[in-house]
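Peer 1: Next come the chains, spelled out residue by residue.
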Amino acid sequence: MNLNENKFWKKIKNWPLLLPVVALILVMAVNILHDLAQGSNPFSFFMITLNQTTSSGTILYGRIIDILNRGSEVAILALGMTLVVSSSAGTDISVGSVMSLSASFCCMLLAGYGVANTTELAVPLIVGVLAAFAMGTLCGAFNGTLVAYFGIQPMVATLILFSAARAIGLLLCNNLIVYVRNSAFGVFGAFTGPLPTPIIIAAICIAIVALVLKNTSLGMYIQSVGINAKASRIAGLNSKKIIFLTYVICGFFAGVAGLVNSSRITSADSNNIGLYYEMDAILAVALGGNSLGGGKFNLAGSVIGAYTIQAITTTLYALGVSTDQAPVYKAIIVIIIVAIQSAPLKAYFRKRSNIKETGTKEAARA
Amino acid sequence: MKKLQSINSNTMLLLITVALFIAMYAGGCIAYGAKGFTHLQTFLNILITNSGLICVACGLTVVMLTAGIDISVGSLVAMDCMMLAVGMRSGIGAAQMCLLVLLVGVIFGLVQGFLIGYLQIQPFIVTMAGMFFGRGMTAVICTDQVSITQDINQAFYNWANAKIIIPFGGYTNNKGKYMAPFVRVEVIIALAVLLLIFLMLRYTRFGRSLYAIGGSEQSAAMMGLNVKQTKMKAYMLSSVLTSIGGICYCLNTMAGSVQQATGLEMDAISSAVIGGTLLTGGVGNVLGTFVGVLINGTISSIVKTNGKLASSWPNILTAALLFVFIVIQSLFAAMRTKKK
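First to last, the protein sequences are chains A and B. All the letters of the first sequence, read from the start, carry residue numbers 1 to 366 under the working numbering. All the letters of the second sequence, read from the start, carry residue numbers 367 to 706 under the working numbering.
Next up, chain A with everything else stripped away, as it sits in the complex (with noise of 0.2 Å):
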């Protein structure tokens, strides 16, 4: 009975998503508290009605749908960056100022150059999206070649498009906020029949990345390359190569992000597209249960992480506080995660447990 009772809490210690759910469980509860205090219904944070509006016809609404549709951006950027840290064991940092470019690039051409308040597309917009793609994409290149081709640490080569790019898209938009108050360009940031988009392209996201480690060999030569870059060398694995790629994927889902948010808000606003971001995708990744240190990754604890750092956000807005003031919060949030996964706690906590084992068995014996 006993000896069950240890397995289990074992099995359970060492399921990878135990982190990511606890935090998930644990911000549910502020939530219910929150709603009990208040007075009003405990169980409205898990409430979905359909409402009517003027603007869209018939929606899904609810906190819960709200939380999935406002944490699709970090869900799709934490994909990559879950890739990029498992290959490099660094991260990227400039995903956010990458949203931001894209976002820019894409408003630019679809508005026209020095244009800054357009409801007609001056290019077909299907030629928008690619362009926000393929400026991810590009960006991606450019980290992945410096990181795995010329060998700087990663969050240095990507120190220089975090600084640069947000400034090179305010340069494309003649330091203008470019909208585009076009419906066929919003809807991405808005709604398909009572589902929002962005739930709807995050989840094709996760789809095709589930999808593909699952039927290629990828996601274990990214593993392996984590693990021991050289090792994979020598066993015949292009190191450098996995390494740029993962830096293209991050970069590509950036420039999806960013066309999701500036869609979202019909214009293109350089200095706030994409503004943090890079801290929470780093944070979904970490929270997910993933160590920072590269290797093995688990995508579902990514992703997971993603919905929960958003729960945490809209959390700290119902409890009143400001957007300034939320970083505050997170960046307690980031210290003791890390520091829970820290070496020297871990083998700490790894003595004291070991000490009571032994404990109890001498007591037994005795």
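Hints are computed from structural coordinates only; laboratory data are not their basis. Check each hint, because a few of them may be wrong.
No farther apart than 30 Å at their CA atoms in a straight line, the calculated lysine-lysine pairs in the DSS-like style are these [as the list claims (entries may be wrong)]:
hint, chain 1, residue 1, chain 2, residue 2
1, B, 704, A, 241
2, B, 594, A, 351
3, B, 594, A, 346
4, A, 351, B, 599
Label pairs and their in silico Cβ distance ranges [to be verified]:
hint, chain 1, residue 1, chain 2, residue 2, range
5, A, 112, B, 676, 15 to 21 Å
6, A, 57, B, 672, 48 to 54 Å
7, B, 671, A, 57, 55 to 61 Å
8, A, 116, B, 399, 34 to 40 Å
9, B, 561, A, 14, 26 to 32 Å
10, B, 392, A, 319, 33 to 39 Å
Glycine included, every Cβ here is placed at the ideal spot set by N, Cα and C.
Using the hints, position chain B against chain A.
Peer 2: Just chain B now, with coordinates in the frame of chain A:
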């Protein structure tokens, strides 16, 4: 021949940097001589506007010598400025507020250093959390822009407006009045910090252990150096220097706001890298960093003097320079490993 060999790749990088600065400044003088670029005051103005950056970049150089990085500096400067502004608005004296800011710097660095040194978390993650913490705390203290005017604190106002006249190099303006070149208090503070850190790195036990740890952490530990403690001290020193930089920055801008000093960490890192500090640790010098800051300052000064270029150009140019120097560094590193 022997002399040529003694110029290794690191000195080479520094020489390139110095040459680049001279070339850039000369270019600026030729292109904008008519707009007063040749006056000594233009150079002194670069020092005045970048005095905060000099302190911050010195701190970053110290951290980068241990192969670490500190990107929390920009938001720490913003937090310092906001603390100074709000503290003085509520009637606390200027000197007390400056001491408080330094104390906050010590604590901030202590926490970051502990997490990095003793818990062995990646410096980048810790300082990124620090960056968001600082920016968020600034908003928690006050979300408005707070200016420090004469009514709020006379002493601080006097410090900020004190002119230290330099006896030579003046010019007569078009009204026939002699304009003596001057610097401000913050320049003196920044240059003092620069000199102190230079001496510390060169002549103290702590300074030399920083180089040793950056060269090889394992060897340093085997030599009997206390790696964890030294790392923690390095981050503390960085945060304290950043706080001094924050005071200089505040003396210059006389205001606190949430969006202040965004991207300062980028300027500081690029200054250090352009000045020849290796990101992999163990190589670097604050004098190089100083030249790096001057290059940064010259770029923005040229863009400002031109007046027609978009405000995002300094950002792009600095990033481009950073790119060039990082690639050169990696090429040098590759050459060195080949030689061995």
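Peer 1: Each of the hints needs a verdict: does it hold here or not?
Peer 2: Hints and how they fare:
{"no.": "1", "hint": "704(B) / 241(A)", "result": "holds (22 Å)"}
{"no.": "2", "hint": "594(B) / 351(A)", "result": "holds (21 Å)"}
{"no.": "3", "hint": "594(B) / 346(A)", "result": "holds (17 Å)"}
{"no.": "4", "hint": "351(A) / 599(B)", "result": "holds (28 Å)"}
{"no.": "5", "hint": "112(A) / 676(B): 15 to 21 Å", "result": "holds (18 Å)"}
{"no.": "6", "hint": "57(A) / 672(B): 48 to 54 Å", "result": "holds (53 Å)"}
{"no.": "7", "hint": "671(B) / 57(A): 55 to 61 Å", "result": "holds (56 Å)"}
{"no.": "8", "hint": "116(A) / 399(B): 34 to 40 Å", "result": "holds (37 Å)"}
{"no.": "9", "hint": "561(B) / 14(A): 26 to 32 Å", "result": "violated (55 Å)"}
{"no.": "10", "hint": "392(B) / 319(A): 33 to 39 Å", "result": "violated (58 Å)"}
Going through the hint list in order, the structure does not satisfy hints 9, 10.
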